[in-house]
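Chemist: Assemble chain B onto chain A, guided by the hints.
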Amino acid sequence: MSKRIDVKDLNVYYSKFLAVEDVNINIDAKSVTAFIGPSGCGKSTFLRTLNRMHEVIPGARVEGEVLLDGDNLYGPGVDPVTVRSQIGMVFQRPNPFPTMSIRDNVLAGVKLNNQKMSKGEADALVERSLRGANLWNEVKDRLAKPGSGLSGGQQQRLCIARAIAVEPQVILMDEPCSALDPISTLAIEDLINELKDEYTVVIVTHNMQQAARVSQKTAFFNIAGTGKPGRLIEYGDTHTMFSNPTEKATEDYVSGRFG
Amino acid sequence: MTTTSLTSSRGAGRAGDKVFSGATLAAGCLILAVLFGVALFLVVQAFPALTASPDMIKGGEGFFAYIWPIVIGTLIAATIALVIATPIAIGVALFISHFAPRQLASGLGYVVDLLAAIPSVVYGAWGAAFLAKEISPAYNWLANNMGWLPIFQGPASATGKTILTAGIVLAVMILPIITSLTREIFLQTPKLHEEASLALGATRWEMIKMAVLPFARPGIISAVMLGLGRALGETMAVALVLSSGALTASLIQTGNQTIAAEIALNFPEASGIQVSTLIAAGLVLFVITLGVNMIARWIITRHKEFSGAN
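Chains as they are written, first to last, in the working numbering: chain A, 1 to 259; chain B, 1 to 310.
For the record, the hints were derived by calculation from the structure and aren't laboratory data.
The beta carbon of each residue, even a glycine, is placed where N, CA and C say it ideally should be.
Just a sample of chain B residues kept apart from chain A, beta carbon distances all over 12 Å, derived:
hint, residue
1, F36
2, G37
3, G60
4, I90
5, A117
Straight-line distance between alpha carbons at most 27 Å, and here's what the computed DSS-like set of lysine-lysine pairs gives:
hint, chain 1, residue 1, chain 2, residue 2
6, A, K8, A, K30
7, A, K116, B, K209
8, A, K16, B, K191
9, A, K119, B, K209
10, B, K191, A, K111
11, A, K145, B, K209
12, A, K140, B, K304
13, B, K304, A, K145
14, B, K191, A, K145
15, B, K304, A, K119
So here's chain A without its partners, still in its complex pose (with noise of 0.2 Å):
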């Protein structure tokens, strides 16, 4: 259960503002590919047109087409809501409702799409969740307890555990590190190292280390200056663009001469 995307000629405005232009990507199933790049260069906004979370800002729209395994997702009659449902995604910073015990956290988005689901079966997804984002063990005993009693590392996750529980096609992570300290940030690096077994995963990271320990691809994004639209520069396997990236820019950030 994991959808490759393909994007093609993707234009992202802010009303009239173009901020992201004619970006071409295609994103493997079952891998993980990073975005990168320097701030404000459009990444997280192209991010979150890939499951039209772009929608919530007013006034952003997209021209273009992104294709999940072959589905527009700008096609006419399509739903947002439907889109967001298979194509889940995990913010910068870690997001439990704090009204929820951590249990009802997990199952907050599975209890929008199928309402009828036993104790015992909602048991067992809870379980496998919280398993499958690697924070089963220290919160098995404190399920009824509320979500935001966890420390950030552990919100993050329970963020990921959330988002997994509703089987989606594919995670899209905005920074999910950016908040976190290096040892919560380690254990989610090697989440996202297990999850692409099962899930497409995109991540959006400043952090270039970590977009070459995690990634199998790696695209990096870029603007010529302020004002003007961001632009995929270049992309291709993470190895590649680390040791020897086509163009000159890909070099120079990579190496650390700017950004």
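Modeler: Below, chain B alone, put in the same frame as chain A:
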């Protein structure tokens, strides 16, 4: 080496701290003192009525027999007001905060706030002169079709000046305060949590159920309590709208009375023990309000762990 840079302190900053903490302490104490003063006044003034022989009290059967029908009447009127106003207020607030286009939302918010500025006597006049007349056909219908329910038992009041009309007027009066407060709270829902639910595949309404309403719950309760406080204590509107009488279960017959209206209607001509009786009624209202607020606090703190404040 007695004065190092660590031990010497900036005198002015310290003084400012002390003045500020003193001022806040004084403000806090003032509230308690005023509340205590009011309570003390009520108890002292009410005492003669509480200890007087039964035949001295209005009705001739003692204070308890006098007070309990109007306590029930007060609670009925306030309950009607809350039952009507709370869902409408939350609906309007949600519409303004999450559904309406921006221009419409700000205009609508302004109109709602304007409702709060209308004096209660105007609401009372509107209720007595307009609403009561217009609504009495509906009461007849209720009496004819739903009369088997004790609360809609006929014959309906011909003037429409019933406790239900009073409750509806109260509902309109408390609508703006509940709407304004809940709207502010809905707007404060963290974007983070709204996005979390949308990213799980929630529709707008599901997002509101999942992220907005649970987050706003303590605030909704507080807003409703403020509205309830106004409904319990409202005097002029009820005095004008309700044609009062003995306690009856039917909401569409003439009858019932609220404490605040009872005090307002009788106080000008009262003397001696009658004044004490009315003040004792005020004391009872004070205790009811206090009790209701304590219950609300308890409900809020019971779920503190899950409030989102941590």
